[in-house]
Amino acid sequence: MSTMTLDAAGRTEAAQSELTGGQIAASAEVRKTVGKPFCDTAKLRMRNVNVFYGEAQAIHSVSLDIGRNQVVAMIGPSGCGKSTFLRCLNRMNDTIEGCRVEGELSLDGDPIYGPKVDVVPLRARVGMVFQKPNPFPKSIYENVAYGPKIHGIASRRADLDEIVESSLRRAGLWNEVKDRLDKPGTGLSGGQQQRLCIARAIAVSPEVILMDEPCSALDPIATARIEELIDELRENYTIAIVTHSMQQAARVSQRTAYFHLGRLVEVNDTETVFTNPEHELTEAYITGRFG
Amino acid sequence: MTNLTQAQVRERIEKRLASRHRKEKLFRGLGIASIAFGVLAVVILFSDIISKGSGAFMQTAIQLEIHYDAQVLDIDKVDDESLAWANFSGVIRQALRERFPSVTSRGEKRELYTLVSSGAPFTLRDRLADDPELLGKSEKVWFAADDDVDTFVKSLKDSKEGFRGRTSEQKAGWIEQLLDSGELKKRFNTTFFTNGDSREPEQAGIRAALMGSLFTLLVTLALSFPIGVAAAIYLEEYAPKNRWTDLIEVNINNLAAVPSIVFGLLGLAIFINFFELPRSAPLVGGLVLTLMTLPTIIISSRAALKAVPPSIREAAMGMGASRMQVVFHHVLPLAMPGMLTGAIIGMAQALGETAPLLMIGMVAFIVDVPAGVTDPATVLPVQIFLWADSPERAFVERTSAAIMVLLSVLIVMNASAVLLRKKLERRW
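The listed protein sequences correspond, in order, to chains A and B.
When we follow our numbering, the leftmost residue of the first sequence carries the number 1, and every step to the right adds one.
When we follow our numbering, the leftmost residue of the second sequence carries the number 1, and every step to the right adds one.
Be aware that one or more of the hints could be misleading.
Keeping only pairs whose Cα atoms sit at most 27 Å apart, straight-line, the calculated BS3-like set for lysine-lysine is [what the hints assert, rightly or not]:
| # | chain 1 | residue 1 | chain 2 | residue 2 |
| --- | --- | --- | --- | --- |
| 1 | B | LYS306 | B | LYS422 |
| 2 | A | LYS178 | A | LYS132 |
| 3 | A | LYS132 | B | LYS306 |
| 4 | B | LYS422 | A | LYS183 |
| 5 | B | LYS423 | A | LYS183 |
These aren't lab readings, by the way, just hints derived from the structure by calculation.
Go ahead and model the full structure; you've got the sequences and the hints to work with.
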């Protein structure tokens, strides 16, 4: 992707200038994370996040910023806590029995956790795309129209039609499904289903889209389409993506966070992580010595 | 483990192959044998019931020439009052005497009069009420024969002798005479479907029990389905998993195993003694059966909810749907077929339940067809119990016929459950 290097280079400077001021504070906060976990255009701000499953601690004091209109990739070996961390961002962990989240998490300054926070509007602002494509067992139209309907964004049929069309267009699915909007969403191919799920997520105009290994169940061609789509979506949305594929992280993201055993080891511009990692664990992982 | 060559390994595998195939075949054979046993049991049950009960759908009837003689009837006009005390049996007796003029002695006459059902005067009253013009005229009327006659005629088919029982040789002669002249015939037994219970088999019907069962089931369904589904949804989707919910779960499972008679006692003590609801009423029966079917419905509904893939829940939650929206928009439609199956199984159980209803008085002898949930009523299985207990031989076939009706209601219920499931099940 030609635009990426340019972008990444531009952002490197911005991030560095911010860090000169905040570096001391940051290093005091997280002793273990190396690189540049913070940025001044932060959309999502996480500080000292600890996640427990019962007695076991899954995430150890992670601090990270996710910048506006940025794609942040989270990589790491299986069980390193990257999915758990991602699911804290729209509180999908709430439903897991015995799961406890500590730390400060905020979206544009609004707290994500707290006794007064309602998850319904939060999840409308922070959408999610899952590992396995999971369209509702309803028609393609209803899949996309569901979010706008329940949030009362559009009630008139014409408005809904418009949202459905524009969402499907943005997800690059419109031309393939425009003649069969009333057909079941589960009848589409895996790649189309995942794009339908993306269309469904963007139909409520979220600010952030969380993607939990969105391509792991797809073939290379479908994967390439989703990756292209992610790059286009960056213009309007902030995206956090968990991936097992380092190539994918390198292709779609501007910043990359490397997780290891529940700790955030390194955060840097994607190019730096893949060409010149600061931490030896990161290097070991990206060169394929474990993972 | 010693080092084996590939050839040795193959040899070992092949040596065991024959016995593995043999076991496979044996297991399959056992499966087929079990199914065959089940099918055989069903065939024996059905053929026995049908062979015994099919006779009840036919009823022997006797045709008599009736003169609506105002003098014998002892009335001069037809109105409600006169119909109530008109001497219809006199007219019938006269007709019988005219048909068999050779009968003269008192004893013989008395026996002659027992040819037709003791309900025959009511048949005549209804005819006259329908058409008051008949007064003073004559017509041929079919009357239900007495149950002894009915039993005798039906048994004639197999052997020339026939089952006589209380029927004397002379009476048998009259019957054969009527048979030969075509004045005695077997006709379709509509009474069986239109009447309530009766001490006289030829007047007994299952209408009252059927309606009683219907009302009872309606009450049960209206209460147990919403309560059961609501409880299942709360326990499965909302309740935290802690010691209390574990305790509740254990108790629900225990309730499913409580003998039904205990629920009957509970209903007697609480609904009738404490709340003073009417005895023998479908309302109380339905309440008791609700208690009994609730565990079944809760357990099966929870299983259906559990079977909904978590990915659908996650998808809806990720869209910002509230818990209730997740449940009602996504989980419930997918779980509905399973819930309905559970409900129908519970209903079928309730339909066949007898013991708890005995405790709340639904075993009483009730002739009237109930018109509502508070009217005294009985239900099909209790009716079967009552008839099976009756000494008259004609009740044997009626018992089997009632069983057939009960079974067909069950089959219809189960079939509709399957259809409903097919219809509700997502095509995708």
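Checked hints:
1. A threshold of 27 Å between alpha carbons decides the hint, and for LYS306 (chain B) with LYS422 (chain B) the separation of about 20 Å falls inside it, so the pair holds.
2. As the CA atoms of LYS178 (chain A) and LYS132 (chain A) are separated by approximately 23 Å, the hinted pair is consistent with the 27 Å bound.
3. About 19 Å separates the Cα atoms of LYS132 (chain A) and LYS306 (chain B), which keeps this hinted pair within 27 Å; it holds.
4. The straight-line distance between the Cα atoms of LYS422 (chain B) and LYS183 (chain A) is roughly 19 Å, inside the 27 Å bound, and the hint therefore holds.
5. Simply put, LYS423 (chain B) and LYS183 (chain A) have alpha-carbon atoms about 18 Å apart, close enough for the 27 Å limit, and the pair holds.
This entry satisfies every hint, going by the numbered hints stated previously.
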